[in-house]
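Student: Going left to right, the sequence shown walks through residues 2 to 221 as my numbering numbers them.
Possibly wrong hints are sitting among the right ones.
To be verified - Cut-off 30 Å, straight-line C-alpha distance, at most; resulting in silico cross-link-like pairs (BS3-like, lysine-lysine):
#1 K111 / K17
#2 K111 / K155
#3 K155 / K187
#4 K212 / K111
#5 K187 / K111
#6 K155 / K17
#7 K111 / K208
#8 K17 / K208
Stated by the list, open to error - Cβ-Cβ distance ranges computed for the label pairs, FRET-style:
#9 P73 / W28: 13 to 23 Å
#10 G55 / R193: 15 to 25 Å
#11 P73 / P210: 13 to 23 Å
#12 A217 / G68: 18 to 28 Å
#13 D149 / R12: 35 to 45 Å
#14 D149 / G211: 32 to 42 Å
#15 E35 / L129: 33 to 43 Å
#16 T32 / R81: 18 to 28 Å
#17 A217 / D149: 37 to 47 Å
#18 D10 / D215: 24 to 34 Å
To be clear, the hints were calculated from the coordinates, so they are not data collected in a lab.
Where a beta carbon is used, it is the ideal one built from N, C-alpha and C, also for glycine.
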Amino acid sequence: MPYRAVVTDGRRDGEKLPLVVFLHGDWQDGTDNESQLAGDGNGSFELVDAAREGGIPLVYVAPQTTGAYWPPARVAAVVRDALQRWPIDPRRVYLTGISDGGTGVWDALKTWPRCFAAGVPMSGMTELAGLGPIRDVPQWVFHGSDDDDTDVEKGYDGAMVGSRAVVRALRAMGGRPRYTEYAGEKHVIWARAYAEDALLPWILDQKLPGKPCDFAAPAR
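Whenever a hint applies, use it, and build me the whole structure from the sequences.
Tutor: Next up, the structure:
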């Protein structure tokens with residue numbers, strides 16, 4: 002599974018680093034291991050820039066998938082490889098993605114409900130089925146109210162629904178996801194979302210309450 006990585010400076014002796022995994026949208030599919038970085042990683046480099054400016058050490062990885070789909074096993078494979086390569090804190094693995102990558106975030110959270118410290122899906126959709134086990138996973142969800150690709154409420158008018166409906170369902174279950182809906186914005190909202198000053202601090206404040214995962218098998 003090809004991926005690109007950035008490690009920011011500032012690590013102190015023996016410090017374990019947080020890992021941020023970015024899942025691209027379907028128009029960056031391929032095997033060149035470059036397209037997913039277009040447009041400064043679709044705005045996700047804002048997180049890297051904020052870390053550099055703040056002297057915050059972290060590992061950012063951007064894998065590349067095919068078929069306009071993020072199989073959870075592929076996401077887990079990237080995390081496993083990163084855990085072997087860098088001194089990562091396995092209790093601080095964060096997942097974010099845009100469009101189909103946002104859908105991939107929810108799919109991976111559902112498969113590994115006790116493994117990711119937080120999820121940040123943008124302009125995505127998912128089925129309401131399977132949300133129960135992830136209701137308490139910290140999530141900050143972003144969407145544009147006038148999304149012209151993935152409807153904020155209905156998704157594609159199928160089983161998968163948009164972010165507004167997902168957040169409503171999570172809250173009805175007792176979850177407390179953060180939700181930012183940009184009024185009048187369409188599908189491509191990620192440059193604005195990743196530039197939110199509060200986003201990186203919020204992400205890095207999250208930590209698994211229990212034992213970390215090795216991502217060797219689905220942890221349900």
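Student: Each hint should be assessed against the structure and marked as holding or not.
Tutor: Results of checking the hints against the structure:
At roughly 26 Å between alpha-carbon atoms, K111 and K17 fall within 30 Å of each other, so this suggested pair holds. Simply put, K111 and K155 have alpha-carbon atoms about 20 Å apart, close enough for the 30 Å limit, and the pair holds. At roughly 14 Å between alpha-carbon atoms, K155 and K187 fall within 30 Å of each other, so this suggested pair holds. Only pairs whose Cα atoms come within 30 Å are accepted, and K212 paired with K111 is accepted, the gap being roughly 18 Å.
The hinted pair formed by K187 and K111 meets the criterion: a straight-line CA distance of about 27 Å does not exceed 30 Å. For the given pair, K155 sits about 40 Å from K17 by alpha-carbon distance, which is inconsistent with the 30 Å threshold. For the suggested pair K111 and K208, the alpha carbons sit about 18 Å apart, so the restraint of at most 30 Å is met. As the CA atoms of K17 and K208 are separated by approximately 13 Å, the hinted pair is consistent with the 30 Å bound.
For P73 and W28, the hinted distance range of 13 to 23 Å is satisfied, since their beta carbons lie about 21 Å from each other. In this structure, G55 and R193 meet the distance hint of 15 to 25 Å, their C-beta atoms being roughly 20 Å apart. Remark: the range hint 13 to 23 Å for P73 to P210 is upheld by a beta-carbon distance near 21 Å. A C-beta distance of roughly 24 Å is found between A217 and G68, which places it inside the suggested range of 18 to 28 Å.
Between D149 and R12 the C-beta distance comes to about 42 Å, which sits within the given range of 35 to 45 Å. In this structure, D149 and G211 meet the distance hint of 32 to 42 Å, their C-beta atoms being roughly 40 Å apart. A hinted range of 33 to 43 Å holds for the C-beta pair E35 and L129, which are about 36 Å apart. Distance hint for T32 and R81: a CB-CB separation of about 20 Å, consistent with the stated range 18 to 28 Å.
Look at A217 against D149: about 40 Å separates their beta carbons, and that is inside 37 to 47 Å. Evaluation of the 24 to 34 Å hint for D10 and D215 yields a pass: the beta carbon distance comes to about 28 Å.
The structure does not agree with numbered hint 6 stated previously, though it agrees with all others.
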